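**Student:** Use these hints to put chain B onto chain A, whose structure you have.
Those protein sequences? They're chains A and B, same order as listed. Sequential numbering of the first sequence, starting at 829, is according to the numbering used here. Sequential numbering of the second sequence, starting at 22, is according to the numbering used here.
Treat the hints loosely; a few may be bogus.
The following label-pair restraints were derived from C-beta to C-beta distances [claimed, not checked]:
#	chain 1	residue 1	chain 2	residue 2	range
1	B	Ala116	A	Leu846	19 to 29 angstroms
2	A	Ser1000	B	Arg60	38 to 48 angstroms
3	A	Thr840	B	Lys120	26 to 36 angstroms
4	B	Arg60	A	Gly944	26 to 36 angstroms
5	B	Lys120	A	Arg1032	41 to 51 angstroms
If you're looking for bench data, these hints aren't it; they were derived computationally from the structure. In this text the structure is predicted, and so the values were computed from the model without any measurement. Beta carbons: idealized from backbone N, C-alpha and C, even for Gly.
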Amino acid sequence: MPEPVLKLERITKRFGGLTVLSSVDLQVDANQIVGLIGPNGAGKSTLFNVVTALYRPEEGIVFLDGKRITGAPPHRICRLGVARTFQLVRTYLTMTARENVMVAAVYGGGAMADAGRACDEALELVGLAASRDLITEHMTLSARRLLEMARALASRPRVILLDEPMAGLNASEIEEMIQVIRRARDERGLSVLWVEHKVDAIMRVCDRVVVLDHGVKISDGTPAETIVNPKVIEAYLGEPSS
Amino acid sequence: MLDILSVRLVVEIFINGVLFGAMYGVAAVGLSLIFGTMRIIFIAQGTIIVLAAYVVYWLFNTFGLDPYLSLVVVAPLAFATGATTYRFLFRKAAAMADKNTSLLIAVGLMFLVQNVISFVWTPNPKSIITSYTAVGFEVFGSRISVTRSISLVIALAATAAVVLFLRRTLVGKAVRAASENMQAAMLMGIDPHRVNAIAFAIGFALAGAAGVALATTYPFDPYYGFSFALKALIALALGGIGNVVGALLGGILLGLIESFSSFFISAGWADAIAYAVFLLVLMFRPEGLFATSFKKA
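For reference, chain A alone in the conformation it holds in the complex (with noise of 0.2 angstroms):
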């Protein structure tokens, strides 16, 4: 069996006497869109933050194409191969698109040389080519977001985690940011490790779906496995009452 691309092994995160992450095991392998769901608080954006070393985990190996990437720091994670966006996206407001795609692109670990192709071919992949030379203040939200989702393109990394990528867009904006995530890993042959609220676009898109639920995973599955799990309708509706 081939190496998974990411690998989670036994993460426990805690913060003072709070368990976020409870010994949780999670993969990732090549060219899957892996979805990962629960309700708030479940511990989504803690792991996000554990493999990217945000977080140092107290317990628990990341694993990145079979390496062990716990204790670098994030500057070298990402270098490694792992790129990430934001819940509240972050892209520099006083760059140019094409300049916020930029950094990422030099100093996200691909050849110094490709930069500038990477960059482009980024640009071109989310369908900001048009507004390369716009200052990022002025764009839409959903520029923003297709904008940071070119920058982790462009670092050319192995796998991206995606971090509620569909926050606050429109019918037709989700739509577009599905294909986007489509592309990334039909023509890039990207993973992608994807953290939604939207779980309806979870269940379309997603090869496997993963869910939290108080910092314990309670399925890990198809979609269509996952919407028919006890476990999961509990977690999301409560408990039947008789």
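**Tutor:** Chain B only, in chain A's frame:
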């Protein structure tokens, strides 16, 4: 009082304000860069400027090196010192979420440098007198000092160099990215220690340039740096934190406020007025006077 006023006098007060304010401005640009990536007010900036002035003084008295020519020695030396200072003093503290440690290190550095200067060069004020110190030229009947004009040119050139660096170079873009959001920058592969070291190096190089400007125009003593840093902080607030050109303009504006208020009110009130303006700006226009739009993001 109005009868002693003349256009000539007002022009002179104005020009002096601009020339002195430009030095505040350069100090403020340094503060702005270091604040950008480190998120601390580098309170030792003024004292580093004074240290640079002493080095210029020493080069002049020991080797007879022209103070302006010494810029080619002092600026690169300061650049290297800045990077080294970050490496040895701030690197560990910069990684902490609590910024107070970095701030306290800056305070400690300031007192250390002050005391070293006063030990090496005595606490007495020093100044550099060259053959051209007293030379001036006339513009519209007002006499303008050559050395102060050169100081202005140095300030403008240094700021322009920093702006070009930030806008045009890839390293400059990394510094801007880190200033806007360090976490996002790290996750894009930017090494936080590298951009911090660059901010320190450039901040110190600017202090070197400001030191040359200070040494050639005004007397200085070891303890002058602290109030200089406070003035740079006011300039920063006037210009808007994170705005390099605004920092220079803020410095010039502060110089004007000081020179007009010392003349029309009294020199004793000039500082009080400067700090009052500082508070008013922070209360009513915290984004700075020159910001076109207030970014809430």
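**Student:** Does each hint hold? Answer for all of them.
**Tutor:** Structure-based check of each hint:
The supplied range of 19 to 29 angstroms is met by Ala116 (chain B) and Leu846 (chain A), whose beta-carbon atoms lie about 24 angstroms from each other. Between Ser1000 (chain A) and Arg60 (chain B) the Cβ separation comes to about 39 angstroms, which falls inside the hinted range of 38 to 48 angstroms. Separated by about 29 angstroms at the C-beta atoms, Thr840 (chain A) and Lys120 (chain B) satisfy the suggested range of 26 to 36 angstroms. Roughly 32 angstroms separates the CB atoms of Arg60 (chain B) and Gly944 (chain A), a value that falls within the hinted 26 to 36 angstroms.
Range check, Lys120 (chain B) to Arg1032 (chain A): Cβ separation about 44 angstroms, and the 41 to 51 angstroms hint holds.
Of the hints listed earlier, there is not a single one the structure fails to meet.
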